[in-house]
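So the sequence lines, in the order shown, correspond to chains C and G. Mapping of the first sequence onto the working numbering: position 21 corresponds to residue 1, and the numbering continues sequentially without gaps. Mapping of the second sequence onto the working numbering: position 250 corresponds to residue 254, and the numbering continues sequentially without gaps.
Any given hint could turn out to be false.
[What the hints assert, rightly or not] Chain G side only, calculated, beta carbon under 10 Å to chain C, not exhaustive: (1) 10; (2) 12; (3) 15; (4) 16; (5) 49; (6) 53; (7) 59; (8) 93; (9) 158; (10) 159; (11) 163; (12) 236.
Simulated from the structure, these hints should not be mistaken for laboratory data. Since the structure is predicted, the reported quantities are computational estimates derived from the model, not experimental observations. Heads up, the beta-carbon is just placed ideally off N, CA and C, and yes, glycines get one too.
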Amino acid sequence: MRANRTLEIGTGLFVLLGFAALLFLTTQLPASGLKLGGAKAGYHVTAEFDDVGDLKVGSPVTMSGVRLGEVSGIRFDPKDYKAVVTMRFDPQYSQIPEDSFASIQTQGLLGGKYIGLSPGGLDTYLKDGSRIDQTQSAIVLESLINKFFANYASSKGSGEGGGTDKQASQGQGKDNSGKTESPK
Amino acid sequence: MNSVARGNYLLEGLRRLGSVALFLLQLLGQCLPALGRPGLLVKQIYNAGARSLIIIMLSGLFVGMVLGLQGYDLLQRFGSEQALGTAAALGLLRELAPVITALLFAGRAGTALTSEIGLMRATDQLTAMEIMAVDPLRYVAAPRFLGGVIAMPLLTAIFSVIGLYGAQLVGVQLMGVDRGVFWSQTQGSVDLHDVSEGLAKSLVFGVACSLIAVHEGYHSEPTAEGVGLATTRTVVASSVLTLLLDYVLTAAFL
């Protein structure tokens, strides 16, 4: 009876562990899964961007290369068609000027995106619920290449082969749909 | 002379294959009745699963850690060490966890199954059961087979999770990849599809390894040497079949 009891407890423990691992793999690992774990300490600040690229929840927020916090939420604002990013700052970094400048940058050439802050000059500091007004969107490599082709084609003039012309007009078309910027 | 020997060898191989296939059918027929005896099943899950826990967790930790180390070294050459979480998670979930768990299972639990059933055969316990009109397939073989099939996916899941934390330990604590980046990149790239691929693989490996272990024991020569040979065959056949099936399954899933 006694041996049977330990056997059953051991089996129960094993099955419990196994299913806990399964639960972790299916719910926590895919991004679509639900998030467990309580909110971390710190204060939250929002900022609006035109384009967040592939910034993700959990991406770091840095100033001078030092990690100050992380992105805690990204949502879409249907009124002015912008992405609203919520950032959580660690509580010890409480003296960040309110007019700091936030830009979305890339780690390495192909790495993930993160938010880099450059300090402003005001004496008032960011606090829970405040908003960063000055932002710069992620640089999307494709639109950069498109822009380059557009400039290249227009500087070459119209007398060149049809191939480059076609590419140029495609690039410009895409450019116009993205931002209202007249091609040179 | 030589060709006759070769023909015999071929025939013997065919016979063995047929015997395993028939044995699988017989076992599957006995699985439902075996579920009606949960006591026997629990004992076998304990033997195959709970007692393999330590070796699985230790191996998972070190495989994950070495994955973190090698992955970091390789990825930072391309300046993309942020992809470490992705590489470790996908490598573990899809390949390493199912395969290494199956290999360890064959060595840890498969050999125990074969030698246990083989010794039952050698000491005429199975024959005694048959004489008493107790079907040894139902009371000896089926619970052990089912126990292995149930234990394997659970062990694989535990291996994956521990391995991932091992990779995180090396990548984040030792090498200085950002923790948030590690997990967000992982979550961004891992799909439910990847998890189910690993689980499907581990289920197939569980069936294959348990079947071979139980079959070899059940049909071993009833001598000390025969049981030893059967145990060796279990490890060799399980390992080769696992790697072979792994290729087939990967090709099917991609």
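Verification of the hints:
Violation of the interface hint for residue 10 of chain G is found here, the shortest Cβ-Cβ separation to chain C being roughly 46 Å, above the 10 Å cut-off. Taking 10 Å as the C-beta contact cut-off toward chain C, the hint placing residue 12 of chain G at the interface is violated, the least distance being around 45 Å. For residue 15 of chain G, the interface hint is violated, the least distance from its beta-carbon to any beta-carbon of chain C being 42 Å, above 10 Å. Nearest Cβ of chain C to the Cβ of residue 16 of chain G: about 39 Å, over the 10 Å cut. The hint is violated.
Look at residue 49 of chain G: its Cβ gets to within about 5 Å of chain C, closer than 10 Å, so that hint holds up. The closest approach between the C-beta of residue 53 of chain G and any C-beta of chain C is roughly 5 Å, which is under the 10 Å cut-off, so the hint is satisfied. Hint status for residue 59 of chain G relative to chain C: violated, with the closest Cβ pair at about 13 Å, above 10 Å. Here the hint on residue 93 of chain G is kept, as its CB sits about 7 Å from the closest CB of chain C, short of 10 Å.
A least Cβ separation of about 3 Å between residue 158 of chain G and chain C falls short of the 10 Å threshold, and the interface hint therefore holds. About 7 Å separates the beta-carbon of residue 159 of chain G from the nearest beta-carbon of chain C, less than 10 Å, and the hint is met. The interface hint given for residue 163 of chain G is met, as the beta carbon of that residue sits about 8 Å from the closest beta carbon of chain C, less than 10 Å. Checking residue 236 of chain G against chain C by beta carbon gives a least distance of about 28 Å; that is not within 10 Å, so the hint is violated.
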